[in-house]
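Engineer: Here's the letter readout for the chains.
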Amino acid sequence: MSTAKKQMNAPAYAEAAAEEMITSRSFWADARQRFLKNRMAVVSVLMLVLLVLFAIFGHSLAQWSYEEIDWNVLGKVKTEGGPTLANGHYFGVDELGRDLYARVVQGSQTSLLVGFLAGTASVILGSVLGATAGYFGGRTDQIIMGAYTIWLSIPYIIFFVVWQAFFGRSLTQMILVIILVNWTAGLLIVRGQVMMLKNREFVDAARMLGMSDFAIIFKHLMPNILWVIVIYTSIVIPEVIMMESLVSFLGVGIQEPNTSWGALISEGARTMTFGTLWQLAFPAAFFVIAQVSLYYIGDGLRDALDPKDR
Amino acid sequence: MLNYTLRRLFTVVPTLLVLIVFSFYLMRLAPGGPFTSEKPLPPSVMANVLERYGMDEPLHVQLWTYIKNIVFHFDFGPSFSQKDRTVNDVIAQGFPVTLTYGFWSAVFVLACGIPLGIIAALRHNSFWDYSMTGLAIFSQIFPNFVLAPIMVLLFTLSWGLLPGGGWNGGQWEYIIMPAVALGTSYMAGVARLTRGSFLEVMNSPFIRTARAKGLPERTIIIRHALKPALLPTLTYMGPVFVYMITGSVFIDVFFSTGGIGQDFIDGAYSRDYSMLLGLAILYSVLTFTLNLLLDLAYAWIDPKVRSKL
Amino acid sequence: MSLLSVNNLNIRFRTGDGYVHAVNDVSFDIAKGQKLAVVGESGSGKSQIAMSIMGLLANNAEAEGEVLYEGQNLLTLPSAKLNRIRAKDIGIIFQDPMSSLNPYMRIERQLGEVVEQHEGLSRSDARKRVLEVMEAVQIPDAKNRLTAYPHEFSGGMRQRIVIAMALICKPKLILADEPTTALDVTVQAQIMSLLDEIQRELGTAVMLITHDLGVVAGFCEDTLVLYGGRVMEAAPTLDLFDAPGHPYTRGLLRAVPNISDASASLAAIPGSPPNQTRAPVACPFAPRCVDAIPGCHQTLPELTGDRQQRACIRPVEELT
Ligand SMILES: Nc1ncnc2c1ncn2[C@@H]1O[C@H](COP(=O)(O)OP(=O)(O)OP(=O)(O)O)[C@@H](O)[C@H]1O
Ligand code: SF4
Ligand SMILES: [Mg+2]
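Chains as they are written, first to last, in full-length UniProt numbering: chain R, 1 to 310; chain P, 1 to 309; chain S, 1 to 320.
Since the hints were made in silico from the structure, they are not lab data. For glycine and all other residues, C-beta sits at the position ideal for the given N, C-alpha and C. Mixed in with the good hints there might be a few duds.
Computed, partial: chain R to chain P, Cβ under 10 Å [unchecked claim]:
#, residue
1, Ala29
2, Ala31
3, Tyr148
4, Leu152
For lysine-lysine, the following DSS-like pairs were computed, each having C-alpha atoms within a straight-line distance of at most 27 Å [as the list claims (entries may be wrong)]:
#, chain 1, residue 1, chain 2, residue 2
5, S, Lys88, S, Lys32
6, S, Lys88, P, Lys308
7, P, Lys304, S, Lys170
8, S, Lys143, S, Lys170
9, P, Lys83, P, Lys68
With the rest of the complex left out, here is chain R (with noise of 0.2 Å):
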C-alpha cells in the first residue's frame, strides 16, 4: 500500500527535485542579486543596451541611406568628407562617399544580429550535442568526441572561406555558416556537466518512471545546466562577432552594400593612409565598446552563476 502510494507520487517527485535543483527561485533570483551589485557588468548592459538601440533606431536621425553617395564630398573627401554636423554626415563619408554614420548603424546592425543569433544558435546546438555526448556515453560519445577532436584541429576560416566563397555572402548564409563553424560552442562543458547529473536521484526516478531519454535530457538535464549554457553563451557572442568581423575584413563576408563592424574596420584601415582617420576610428570605436561590454557581462554573468567562485 504504501508502495503503491510512494509510485504514485514518483512523477511528482522527480519533477520537485529536478525543479529543486536549480529552478529552486532562490538560484536566479540570487544570482540576478549578485550580477547586480558588479557595477561594471551593469554599466555594460547599459551600454550593450545602448549600442543595441543604436543598431535598431539609429538610422531615424540619418541624413542619409547607407548606400546613397554624396557627390558634393565625392574626390575631397579627406578635405571635406570629415566627421560635421553641417552637411548631415556625422561620422563623415566613407571613400566612395557614402554617410559613414548610416554605414556604422547598418553595421551594427549586422554585427550585433550575426552576434546574437549565430552566438546562441551554435551553442543551443553544442549543448544538444554536448548533452547527448554526456547521458548517451558509449559509441555516441566516442563518435561525437572524436568529431570535436578533429574539427578543433582544423582552422576554421579553411572552411570558412571555401564555404562562402561558393555559396554567396547574404546575411543568411552568413549566420548559417557561422552555426556550422562554431557546432563545437559549449560542447565540452555540456557534456561533462550531463554526465555528473545523469546519476543523480531525480534523473533515476525519472528513468524508473519511463520517461523518455528525450524528455529526461530536455525537461530535467537541460534546466539544470541552464546557468552554464547562459555563461557560455556570454562568452560565445563577443567570439562569434569577432569571427565575422575578421571575415568580413577579408572580404569574404558580408556583402556590399551591406557592411559590418568588420568591414567597415577594413575600409577604414585601408584608407587610413590618406588621413581620413575617422574611416577607421568610428567602426572600431563601436566594435571596441561592444568587446569591452560583453567582456564585462559576462564576466558578471561568470561571478553570479558559477557555484565554483561562491
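Place chains P and S with the ligands on chain R using the hints.
Structural biologist: Positioned in the frame of chain R, the structure of chains P and S with the ligands alone reads:
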C-alpha cells in the same frame, strides 16, 4: 615514441582524405566555377578550357587523378586563376613567408608570455600582476585585425619606425609587425595561463618538499616548478596554433607579405578550385604537424605521458 | 640542553570567515635521540606544529611563540639560515608520500640534490650516497632504479624513498608526519620497523605524528596528546598507557580494544571536534567530556604536573 608518431600519422591520413573529398565535392557541386564570368565563354572555348584542366571527366575520376598526383608526384595541379603558375609554385613562394613570421610570432608568444606570467605569479597582486590582467583584457578587445591597423598607424604613419607592409626578402623590420600583431592576443593568453599554473604548482606538495630540502627559492623555481607549470601552456598552444593559422590569413592580406593567405582569399574570390583545395590541405597538414610536435614536447616533459607512448 | 624546544607556540590562519586557531599555547621539548609521539584526532594541529618547525606554514598563517633549535628561533630565522638547517639538521617525512615527490624528476636527482646542496658533493659522489641510502631503506634493485620516476614505484616504495630523502643528510631530528597512514597494514609494519632500525643506528631524535596508538606504544618513549590545538596530556608513554591522567586520553585508550591492535581509531569518542574559529577560553574538550563540571566551561586548564603533565581542572582521583 617513433611508434606513437607513426600511429598518429595513421589517423592523420584518413582525416585529410575526408577533408579533401568533402571540399572537393563541396566546391564542384556548388553553382558557378572558375570560368563563370559576366560574359559567358562560347561553348566550344569552354569545352576546350575544361578539357585542358581535365574538368570534362566525371567527378570521381577527377578526384582520383587529383589525389594520385599529390601522393605520387607531390603535384597540386595548375592554378585556375593565376595563368602560368601551378599551386606548387604559389606554395613554394608564399609558404616560407607565412612560416617565417609565424615562427617568430610563436617565439614572441612564448618568449614574452611565459616570463610575464611567471613574474606576475611571483609578484602576486603587484603592479606586474595587475598590468597583466589589463593586458589580457586589452588583447580580448583588440584582436589582431584591430591591433594591426593601430600599429601601422603608430609605427608607420606617425613615427615612421617600421614599414607598414611588404616583405622585402624577410628583413627583420618587415617581420616585426606581422609577428607581433599576430601573436599579441595569444601572448596575453599564455601569460595568464602560465601565471595561474605557476601559482598552482608553487602551492603543490612537491614544492613544499623542495623547500623542506633547504633549496634556495631560485633553484626551486627553475628546477622544480618550471616544467610542470609549463604543461598547461603547452596544451594551450595546440588551439593557439590553429588560431594563429587563421590569423595568418589576415596578416598576409593586411600586411601584403606575399604569404599564402592572400592566395587563399584570392582563390576564394576567383573560385580557383585547385588553389583553395591545395592551400586547405597545406593548412591542415601544418596544423597536424604542429600538434604532433606539441604532443611530443608534452611527452618529453611529462614522464607519465612518455611511458604511455 | 634539549635539541628542540617549542615554547608557547600559537598558530592561526587567516580565512574568509576570520581566524582559525589551529595550535594554541603548545610547549614541549625533544632531547637528542628522543622519540616523541604526538597524537590527537584529525584537525588537532599535529601537522601544523611540524610545518612551523620546518618554516613551511601556509601563506595565510601567523605563528607566535618560539621554536628553538640549538638556541635559534626557527620562526624568525631568515630563510638563508633556515635553508641550512632544513634537511641537513631536521628532516621531514610528509603525511602524503604520494604527492610529495616531484613527478617530473628522476629519483636520483630528487635525492641527490639534497646532498649536493648541503654537503657540496659532486654528481657522482651524490649518486653513491643516493644508492647507499636507497639500499638502507631496502629498495630492491636500487642500482637500476635510480633513473626511474616516482610513478614507476609502488606506494610502499615511494614512502621508502620519502624516508630516504629525509635521512640522506643524517639529520639530528626527523619529523615523521603519519608516515604510514597512506599504506596498507603489512607495509605499515615494515616501514615502522625500518624507521625504528634506522633511528637506533643513527641515534636521531624523532617526532612521530600519528593516529595510531599501537604504533606509539611500540615506538616512542614519550607522548603528547593534542586536542583542539592544545596539549591535553604529556607524559612518558608507559605511564600514559598505564594510568592516563586526562579524560580525553582515557577516552582514547578506552576506544582501543587492545593496544597491540594497530588499527585503532581515535575518532571513537562521541561528539564532534571543537570549533576553532575562536581562541579557547575554557577546556576545549568540555562539550565531549564525561567528567565535565560547570567550572570546566569557564576556565582554561593549565598544563600542570611534573613527569606526567595534564591539563584538567579535576584531580585524577575524581575521574571516572
Ligand atoms: N592554510 C590553512 N588555512 C586555514 N586553516 C588551516 C590551514 N592549514 C590548516 N588549517 C587548519 O588547521 C587545523 C589543524 O590542521 P592540521 O593539518 O595540523 O591537522 P592534523 O592534526 O595534522 O590532522 P590530520 O590528522 O587530519 O592530518 C585544521 O582545522 C585545519 O583545517
Ligand atoms: S577540564 Fe573538565 S572538561 Fe576538561 S577534561 Fe578536565 S574534566 Fe573534562
Ligand atoms: Mg596532519
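Engineer: Evaluate each hint against the coordinates.
Structural biologist: Going through the hints against the structure:
no.	hint	in the structure
1	Ala29	violated, 29 Å
2	Ala31	violated, 23 Å
3	Tyr148	violated, 12 Å
4	Leu152	holds, 7 Å
5	S/Lys88 to S/Lys32	holds, 15 Å
6	S/Lys88 to P/Lys308	violated, 37 Å
7	P/Lys304 to S/Lys170	violated, 31 Å
8	S/Lys143 to S/Lys170	holds, 21 Å
9	P/Lys83 to P/Lys68	holds, 23 Å
Of the numbered hints stated above, those contradicted by the structure are hints 1, 2, 3, 6, 7, listed in ascending order.
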